[in-house]
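Residue numbers (our numbering), protein chains in the order written: chain A, 1 to 470; chain B, 1001 to 1445.
Rather than coming from a laboratory, the hints here were simulated on the basis of the structure. Possibly wrong hints are sitting among the right ones.
What the hints assert, rightly or not - Cβ-Cβ distance ranges computed for the label pairs, FRET-style:
no., chain 1, residue 1, chain 2, residue 2, range
1, B, Asp1109, A, Asp441, 29 to 37 Å
2, A, Gln331, B, Asp1206, 27 to 35 Å
3, B, Lys1089, A, Arg108, 49 to 57 Å
Claimed, not checked - Cross-link-like lysine to aspartate or glutamate pairs, in silico, EDC-like; alpha carbons within 16 Å at most:
no., chain 1, residue 1, chain 2, residue 2
4, A, Lys44, B, Glu1095
5, B, Lys1041, A, Glu61
6, A, Lys41, B, Glu1306
Since the model is a prediction, treat every value here as computed from it, not as a measurement. Heads up, the beta-carbon is just placed ideally off N, CA and C, and yes, glycines get one too.
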Amino acid sequence: MELSKEQYIEVLNHSLSCGGEYSEIFLEDSYGTFILYDNGKIEKVNFSSSRGASLRVVSREETIFAHTNEPTFENLISLANNLKAIASERFETQETLKVEDLKESEKRNFSPFQIPFDEVEIDKKVEKVLAGVNLLRDVDSRIKQVTISYSDSCRKVKIINSEGTIAEDIRNYPRYSVTVIGEDEEGNLFIGYAGDAANEGFEFFTEQMMKKVVDDAVRQVVAQIEGEEAPAGEFTVVISSEAGGTMIHEACGHGMEADLVLSGSVYRDKIGQKIASEKITVVDDGTIMNKRGTLNYDDEGTPTERTILIENGILRGYMHSKITSKKFSVQPTGNGRRESYMVLPIVRMRNTLILPGDDNPEDIIKSVDYGIFVRKMGGGQVDVISGDFQFGINEGYVIENGQITKPIRGASLVGNGLKVLESIDMVGNDLGFGVGTCGKDGQSAPVSDAQPTIRIPKMVVGGIVKGGKE
Amino acid sequence: MMNNIQQILEKALLLIKNNDCKGQINVFSVENKNASFSIGKLEQLSEGEQGSVGIKIISKEGKIATSSTNILSEKGINQAVEKAIQMVKYTQPDEAHDVSDEKEFTYIDWAFDVDTKNMSLNEVMELAQNLEQRAKKSDPRIKFVRGASYETSLTRIYFANTNGLYKNALFTNAGASISLAAIDDQNSAMGFDFEVAQSARLIEIDRIVRNSVDLAISGLSAEVLRSGRYDIILSPVAAGMLISTLTTPLSGENVYKGKSFLKDRLGEKVANNVVNLIHDPMDGSAPLIASFDNEGTNTSRFNIIENGVLKSYLHSIYSANKFNTKPTGNSFAFADNPIPSIGTINMHLISNKTRKEIMNIPNALYVTNIMGLHTADPISGRFSVQISGRVIKDGEFVGSFRGMTLAGTLQELLTNLESVGSDFKYLGTVAGSTTLIRDLSVGGK
């Protein structure tokens, strides 16, 4: 899919010849393998590949866009022609921008990898799945079903824009997940799920990583089998550093994406204000070595950075793409991401974390007379306008008199981002990461998030109410 | 898009046969036009073509492999076939895998609307702009409109397999959606709505504006109520969301593997007597219509739950073979993911009341939005989600609530389900209508 510099310049200039302040070519080439062990055997193998390119032209906050799955020079010129025709009707042309030269951006290396996925035979990948199956053998007689999936994908992107830059990035996404289904004495079924992922090569699939994923899934299903129905209502909640970062992702991450700020997010017009407990500092960092949300350049060619969102309780800034940064008159933060060449980049999180505080995690648990301890969070969702969010508890326990006691069955936690941030009153000196795939506007993006152990004095727990009707 | 598709597929299938395998190929080609406005600006105007090919091959021992590509050329498809052939040895054999032999084929010509196909990018843009402007003007408290969008698409599907089946479909779709924020002092609330249909004529911009604005404005005064057991009325959208969570436990493959709370329940009562759940993929009013699924099986209208009794699971060829029954035509693929898996097109409940009759109730919570339904567990049936909506007293809306939880099991929802309205909202894979479910657990203060 390589064209010459002169050809790129010609496409960009052609697309800008009827107006526009910015033009960009996005090229993508990706492939991936998926292997599934289910129902006692290797059941599925799939290989997928795709490639394509898109072209966008921006003029005064307005964007026109076109894409093709055959990124030849002729096709890119033809896309440029289509956009030119729309631009001539839509854009007020004063003077035409002309690109003279293109310069390659410096190489950055926040996601080094040793073994590319396409250099590994499928049988070596199958071995990784079977290794997980072996680890699960005879582990607990209540486990009736085991599903293990291996997936890898490699995404090479190249961004060439009218600012004169060429940026390239290779993202390798390995992922390993384990689902176990257990049955209690009455024949009720329960599920335990765990997974890990990164931006790294095939060397990611270590024995140690697989063992941890297997152990997590088993512990979760056992907690479900032995657990009681969770109560419903308001309780003190302690979220473990092991729990992952779904809460911070939903409670404040999305609301601080500048495109959502512009659409009325609950965090709008609050920069410089105290919005959280002073124990809270939140960053979104695209540069943490080999994490799933790490990028060298975002999908607009902007170098990634560590973006401070909240510092000691004060809102410092939002996450930006090129378009939103212009509207806020700030620098882009490297958060412009797209699922594929067929869609426009939007503001997305990368690795989002609450930084560790001073409290001892054990003291945090001891401080609670009666409450809920969340050891693993599941997926979540947020309404950024009201700030209300929800996330599932995959593994939770009751805290009684400062001790973790009995496990609880599948419940969720519901809260409001601003209120939760203000009310967090203990922040542990530990830190744990979780991985996920975030969905927004129909696009998915690999992310990670992290937090220390924290205490929230009051949150609504979505358990079961017994007794009479309201 | 290639115009000699049938020959290209025949060549690829010959390659599969020459390797002593059976196989099938789905090709999707989608042309779409899309415009989106946000805060008075054209956020996106795009026109593009998306293609994908999904290949499944089965070795003579019954091993399978799949591959997909977006390169719709003879070379691209053959490379993907070769990749699948290379990989097939890594799976373990299972005799239940097969390809369809249903040669009979009905070409549907009524899911194609020439006016929708011919809409220009400018017309699409004007409709999106119109949607945004009307919403903005409808109430001074609507301060932000994010993503008022309008989209049209033309989809071509080609299916072929090594038994000589060749089936194809051509249809149009139009869709509009909006998300907006109402702000009043310190209170803010989100509203949204969307419609999708076969033809642009069926999309009503005014209705979308009214629904989304009502939702946002009524949410401004929302509060957290006391925990308790409440009667719940689901809005058509919320009901549709809940119905779609039944797809996974109804999947014949999941049931076969023991991964469903509905396993071993065929012929048993799983729901209240009034519950009739049907799969209705040829309903002319629905936005998606299919006369064959993506394994080449012809679809049909059939009862999944009849008068509360579980009558059928949703079957692919594989799961039907496992249950020694016929496939139900429920193996679907889409341009985004061209490898088929068990799903539905227009699954819905049969109405037994009007919306007006259902809403005339002394006390209930009317749920307009559910958050976190993707965290529901299809295996145990347990779910715990966030709900927001309006408070009904004596048949009237008297307030709003938000930030509360609804928890229970899908079994409990089916058992406590009492009334289904006739005001269907078509979501494509499912349709929902105003639905009353009694006595559910709601968490709040």
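**Asked** Which of the listed hints are not met by the structure?
**Response** Failing hints, ascending: 2, 3 and 6.
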